[in-house]
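Which chain is which? The protein sequence lines are A and B, in order.
Following the numbering used here, the numbering of the first sequence begins with 91 at its first residue and continues without gaps.
Following the numbering used here, the numbering of the second sequence begins with 684 at its first residue and continues without gaps.
Worth flagging that the hints you see were computed from the coordinates, not collected in a lab.
Backbone N, C-alpha and C define an ideal beta-carbon position, used for all residues, glycine too.
A hint or two may mislead.
As the list claims (entries may be wrong) - Ranges of calculated distance between the beta carbons of each label pair, as one might list FRET restraints:
1) B/PHE802 x A/GLN201: 35 to 43 Å
2) A/THR280 x B/LYS800: 44 to 52 Å
3) B/SER712 x A/SER335: 28 to 36 Å
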Amino acid sequence: MACENILSEEALSLANSLVESIKNNDKEKAETVLHQLTKKDDNVLLQEIGKLTRDLHTALNGFSLDSHLSDLEERDFSDARERLHYVISLTDQAANTTLNSVEEAGPLCDQMHRHVKEIKESWSKFLSRDMCADEFRRFSRQLESYLQDWESDVVSIKRHLNEILMAQDFQDLTGQVLHRVIELVENLETSLVGLIKVAGKRESTKPKQGAEAAPDIAASGPRVPGVDNWKTVSGQDEVDDLLSSLGF
Amino acid sequence: MKILVVDDFSTMRRIIKNLLRDLGFNNTSEADDGNTALPMLKNGNFDFLVTDWNMPGMTGIDLLKAVRADESLSHIPVLMVTAEQKREQIIEAAQAGVNGYIIKPFTAQTLKEKLDKIFERVS
Chain A
91 MACENILSEE
101 ALSLANSLVE
111 SIKNNDKEKA
121 ETVLHQLTKK
131 DDNVLLQEIG
141 KLTRDLHTAL
151 NGFSLDSHLS
161 DLEERDFSDA
171 RERLHYVISL
181 TDQAANTTLN
191 SVEEAGPLCD
201 QMHRHVKEIK
211 ESWSKFLSRD
221 MCADEFRRFS
231 RQLESYLQDW
241 ESDVVSIKRH
251 LNEILMAQDF
261 QDLTGQVLHR
271 VIELVENLET
281 SLVGLIKVAG
291 KRESTKPKQG
301 AEAAPDIAAS
311 GPRVPGVDNW
321 KTVSGQDEVD
331 DLLSSLGF
Chain B
684 MKILVVDDFS
694 TMRRIIKNLL
704 RDLGFNNTSE
714 ADDGNTALPM
724 LKNGNFDFLV
734 TDWNMPGMTG
744 IDLLKAVRAD
754 ESLSHIPVLM
764 VTAEQKREQI
774 IEAAQAGVNG
784 YIIKPFTAQT
794 LKEKLDKIFE
804 RVS
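Next comes chain A alone, as it looks inside the complex:
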């Protein structure tokens, strides 16, 4: 646009008189003409800046009207970070609980296997009448002690299996927390798309109804320590107390 103006007739005559004044070594006139020429250019530039400013203003207005974005505060992002950290710590805990149980139950199984093999060998010796009285007494004592071990070892192994089973609850708990983070990312996406529309087409968006304040009983998933400040009971005992105060 600036070029068009400079190339206009007026600009051409100004340029000619600039060349003329330089040829005549008329410094004063040359400066005046030059000033006139650049002033024209400045005006065009100012107009462009003005237009850009107005566009920006419209875009920002639309931006602030979009309640999605005004709902998304910096806090939401640090919340999301905290939630993801919480997921890491829960998965870490579950993995360690599982590995600990496996590491404790594994050797018990190995030991049982060794002892069963021993008893099996002795037993077949006994069946083939290849065992003297002394050996039999030793075998009998050994069997008694192993039976006692097995009884308690099987209980331990079952306990470890139960721990492994319960550790899998992390999937449910982290899943609920991750769903909330996904929700935040989706809100951000919607807002950014809205912003692009507003800035691109200079369309004003109607203010959207802000999300209603969550009623107290709306499901909100596990409380993430340090993020969710809503009041919760401290544990199963408090639930039981509360329910018994209600006549349960």
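For this one, chain A is given, so just place chain B on it according to the hints.
Showing chain B alone in chain A's frame:
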């Protein structure tokens, strides 16, 4: 004793089913939210319902209310097993007629205690 376990996370359903089996309850079925659970309850002769709260579709609290509002189902004891632990929510569940409320994460022992308590009251 036929038990329906309702939770949107299959791992949690498996955990609860395993725990129930250890306690001697072998006849269990699963549903992933209230909308799936309700028709199963209506046609399945279930004796007991274990449900989560926070589920897409129909939540556990709405399922509880629907069960209590249905004459043919209202007698079924309902145990809620959920991560929801606001006082208002527990009171809401109690008012809707829940028989037990366990918060996640829970232990096998807690599940056994609550089941025993419910059966003791029901019988």
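Taking the hints in turn, this is what the structure says about them:
Look at B/PHE802 against A/GLN201: about 39 Å separates their beta carbons, and that is inside 35 to 43 Å. At about 47 Å, the CB distance of A/THR280 to B/LYS800 agrees with the hint of 44 to 52 Å. For the pair B/SER712 and A/SER335, the supplied restraint of 28 to 36 Å holds, since their beta-carbon distance comes to about 34 Å.
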